[in-house]
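Trainee: Take the two lone chains and join them into the complex the hints point to.
Letter by letter, the chains look like this.
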Amino acid sequence: MTTLRFRPLDVGRWFVWGTFAVTLALLPLVFRQGFALTLLCQMGIMIIFALSYNMLLGQTGLLSFGHAVYMGLGAYFAIHALGLAGAGRLMLPVTLVPLAGGVCAALVGALVGWVTTRRAGVAFAMISLGIGEMVHAMSLMFPAFFGGEGGVSADRVVGAPVLGISYGPAIQVYYLIAFWTFISVAAMFALTRTPLGRIANAVRDNPERVEFIGYSAHAVRFRMFVLSAFFAGLAGGLAAINYEIVTAESVSTVRSGAVLLAAYIGGIGVFFGPAIGAVIFTYFQTAMSGITKAWLLYLGLLFIAIVMFAPGGLAMIVLQNLRVLRAGRLGRLLPHYGWAAAAALVALAGFAGLVELIYHTAAAGAAPEMRVFWTTVRPFEPGAWLVFAALLAAGATGYRAAWRRVRSAWDAVQREIGPA
Amino acid sequence: MEFLVIQTLNGLSYGLLLFLLSAGLTLIFSMMGVLNFAHASFYMVGAYFGYQITRWIGFWPGVVLAPLLVGIIGMLVERYGLRAVHKHGHVAELLFTFGLAYLIEEAVHLIWGRAAVDYSVPASLDGALFTLFGSSFPLYRAFMAATAIAMLGAIYLVLTRTRTGLVIQAALSHPQMVEALGHNVPRVFMLTFGGGSALAGLAGAVGGPAFVTDPGMAAAIGPIVFVIVVVGGLGSLAGAFIASVLIGLLQTFSVALNWSLAGLLDIAAPADTFLGEVLNLTLAQAAPMLPYLIMVLMLIVRPRGLMGTRET
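From first to last, the protein sequence lines are chains A and B.
Sequential numbering from 1 applies to the first sequence in this note's numbering.
Sequential numbering from 1 applies to the second sequence in this note's numbering.
If we strip away everything but chain B, and leave its shape as in the complex, we get (with noise of 0.2 Å):
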């Protein structure tokens, strides 16, 4: 029973965090068409920003920094970089984000170099919330769930109640009837950006402290992102809330559970051959998978995600 809260609790606020940076990345891709490789690298800019700021001020400064100076070089990519790729096409637009993807990398490995830094868990957040049953379940972790659902409900504002908001979501549907209307689409496309790198930067600066916070980081999380988007069904902001959670939940249990198919069948398998060794695959074994395998389900019995509404 115990097992089952918490694992549940842990599984809930990593596909919280899931949902910072996939929230960021299907905005991207709706408003823009910008597939954006380089959105888990944000993620982990955030997380070696936060890292610096909390060596040189403070955790607290550090989670507010960090992910504004991330927003900040979001909007300069967009403004540089991007905008003048838009007019190679979708697929060009890709590949920039792709080579950004590498730059960043090699940028991390320049700075801070290729091992792992210690960017650890404040004092003031260290410890359990409560324990249930002798397992406790960490501070840290409800921390980071709460900033995500605060995070999720500001987006949430921002987009129905403010005027900003409200030509982001015209500019989602049609973007040549928005600038027909004398609004400026590129620098709503600019800010776009920047907001959903600054989401990424958040996930980093929030997230660094409760994993390792190493160049590998944004390798680790970004295809499991794209998974979420996908699964989700591209441009939906809803679905890519559900697919996080379930993909959260996905991995916090299956790595904790030994079943096996020789197990469920109740056969020993031997174990030296390769039919042998699928039989005897334990779930926790299969967990780094999982993900991807939903995935290409997913694209071959519903292309569109759960809740898309274009094919992608």
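Next up, chain A with everything else stripped away, as it sits in the complex (with noise of 0.2 Å):
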């Protein structure tokens, strides 16, 4: 990705990962609400679980809907643990319960990924999808290990605290979950430069080749299946102390299709797309709902759209507005991305509020009144709806123009520039 190269030391990637670290370090200097920091450990512990989901589906071909399994089992593995280092009867510090989810999380993918990785393409997502809703369906048959509906809690302060540190605070259980997500993604990052990582790349671009080369693209995806269940299950650890119970909805299918979305929107054909794509969705998941209850119909809009018109994801399109602003030619695109924002804000802004509309108007006993974007409305005569409409209309219509003037543009700098 960089440039940035001086022997013996590598500049650009000392930068790089100190930067990560920092940021990490001083995010809850700079949001200090208790909201803020919330979100903070849901972000980590999803851009974890989003990275290790992508080490089956970016890197080794692997589509998988059943990804929450291990996520999912990591964490009731770890509140297990968690329950017994405080009973006295397990010698485990909290800090490592979470490698404990991991690694129990790990042993399950070896179990089933044994089996599930002879095969690649439609017949492992649908023996994942099998899978997911198999473990789902079981999480509410056997109580002892579940804890049925009202789901696993254990306490995560256990015995003394070591040098100051208790992890009752939210601030302690944020840097834990800091510590542990600069871990995993070097880990995971780490793991893409080795041999193994590289093979991952092409048992998913060729298979049949790999095999005559001498490798078994069947160990290769096993061993990559058993990492990643490695590194979800550690997110799910993370997510066990952060919440400190454990139920059902953890394994189910509607979590593995979280994280293929929040995967995929973030770009899965580069290393840190799924993160940024772990932090959208989480921004989404908590701080959306809390405006809308059709968060979920736009992050499904926005998921379509990138499928449709940028299958590499939003990482994918910094990178290449990287390389045009390396070209120094990015200022001759701006001005057009402006029009087109703008465009795309009022037809956003025209639809948020027709939805926002049609919500109100379904609903039994709606109030003849209601506030959208800051202005009193009444749903129940045409005036807001036509208003709307019309944003819808015109932002489209401008988009459309501004679209042709970007596309236009865009071929134009890539031409000068040349081929990546």
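Using 20 Å as the maximum straight-line C-alpha spacing, the simulated SDA-like pairs for lysine to any residue come out as follows:
(1) LYS293/A <-> TRP112/B
(2) LYS293/A <-> LEU110/B
(3) LYS293/A <-> ALA107/B
(4) LYS87/B <-> ILE304/A
(5) LYS87/B <-> MET316/A
(6) LYS87/B <-> GLY312/A
(7) LYS293/A <-> ALA115/B
(8) LYS293/A <-> GLY113/B
(9) LYS293/A <-> ASP214/B
FYI, nobody ran anything at the bench for these hints, they're computed from the structure.
Predicted model only: the values in this text are computed from it and were never measured.
Mentor: Structure (structure tokens):
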């Protein structure tokens, strides 16, 4: 990614990872409210989860619809470990509980993966869906392990504080999550540079040829699967510590779908893509859901738009524009971007307004007045509907015109820079 | 005895309804190579359309119009959505339908709310068809089965007796050749997708009153339909039929049986341990898990499914 390379010290790499570490350390000082801290904790967990998912989808070409199984089971094992540690029957510091979740999830992954990774493509996707549904169905059948409807809970404060750290206050949990996030992201990135990571990419692109040069595609997929399950379980362990409760929802297909959405929106072709997706997804899930009930609709639209128009995800969009920036030609595109963004915002405002109106009027006993975008409107009279519909139409028309200009300017710039 | 008869009939009618769903899914898959994640969503849309038209006009117009509307939506989705994604490959198509399933669920939330709607059996179909030793078989279940069988016959006739059907069959195995002979294969794709969606819509409009019509119905039945298509063999209508009836019977019977390992082995297992829970688990409790267990075993032992001709 970066061209800054000085031997023996790789300045570019130290700069990127140093910035990442410093950002993780400083974030809670910038976002001081309790809500922001909760959000940051969830983002850290989701980043690990989404990156572990991308070890399968982006790096090995395995589309999984049941990845939540490993995060969920990791969380269950971690919460049981936490409970045992609290009862004094297990000598395990809380700091290492996520590791226990990861190891247990990796064992489950080894058991399941040995069979499922024999095949890739649609067959793997279907088996993963089946196993996801099966584990979710099991979670309500065996209350001794899964805790039934109420789930399993435990106290994350175990024993006396070590060096003043008890993991009682949320800020200490944040730094625990930040610590493991940094370690996991670094480990997962390092893995992409190992022979295993490289051959996994080859298995993704052409498994037959990999077999011809003497590797077993099954063995490579299996190893990546187990490692991916490990990091998913680690994320689950962190979630168990963060919430102090694990329910059957954590192994559900809804969670599996969520991680697919997050990873794909961010971009599966770039290492840090799923991390971007994880941040956006968590933001939608927690912050946006407080603003509108239709947050999943907007997220679904974003996902479909990415699938249809930018299969590389947001990360690829960023990288392509960085390439233009490096060639010194981004300035020519920016005005067009500005117009397109403005038009898109107008269209989005109109669309969001209409969605809110529909939501409001569909509910039984709806009030005659409601607030949309800081103004009071009357949803049962045509005025507001017409205004929002006009905004949507005007925005969409403007966007089409602006997009044509973006397109032609983009093509011209790409011709000048030459192929990547 | 009456338990056996009534449960078999219930299982058959449920299995036939499942076949309405899996037939469309397997047709779409074998022709376009797209595993349509939104298929169960079309089933849900069919049920909601049926409910809405029933409220406005009546039940019978609903059963006819709802599938047609769903079919039109399906064709629009293929024409303006899937066709654009096609160039990015099958995984992109699968992901597109995956996202579509989210959108449809949210749209249903938006329009009809999050609670179940009152889509009930019409008065003319209410009541029992016959009563056997005190157990009755509902008339509506028989109607459901009859509709499914009629559609099954119609699909068979369309596929084997009409020109379009022959082109569809040819496009299943040799799409390039069919295109070279001058047929409009993208249009055939659109018709197939629309037809498959209409079948799902019909299943919804007919099945909605028999089961529950709520925004969770797609997520509840979708995985089961996938199981059927995989177990039957991707791309095989006959396999889908056998698997549908099999899963229908399995689900109907297993929820009514209280067999457990501890009971079969005639031992008393302690209730509060994990092993005890496994041994004490009754077939009825394990019922939600069984279809997936069968699917996983099938994919391991015989990946092409019961009647499939190609490896998945």
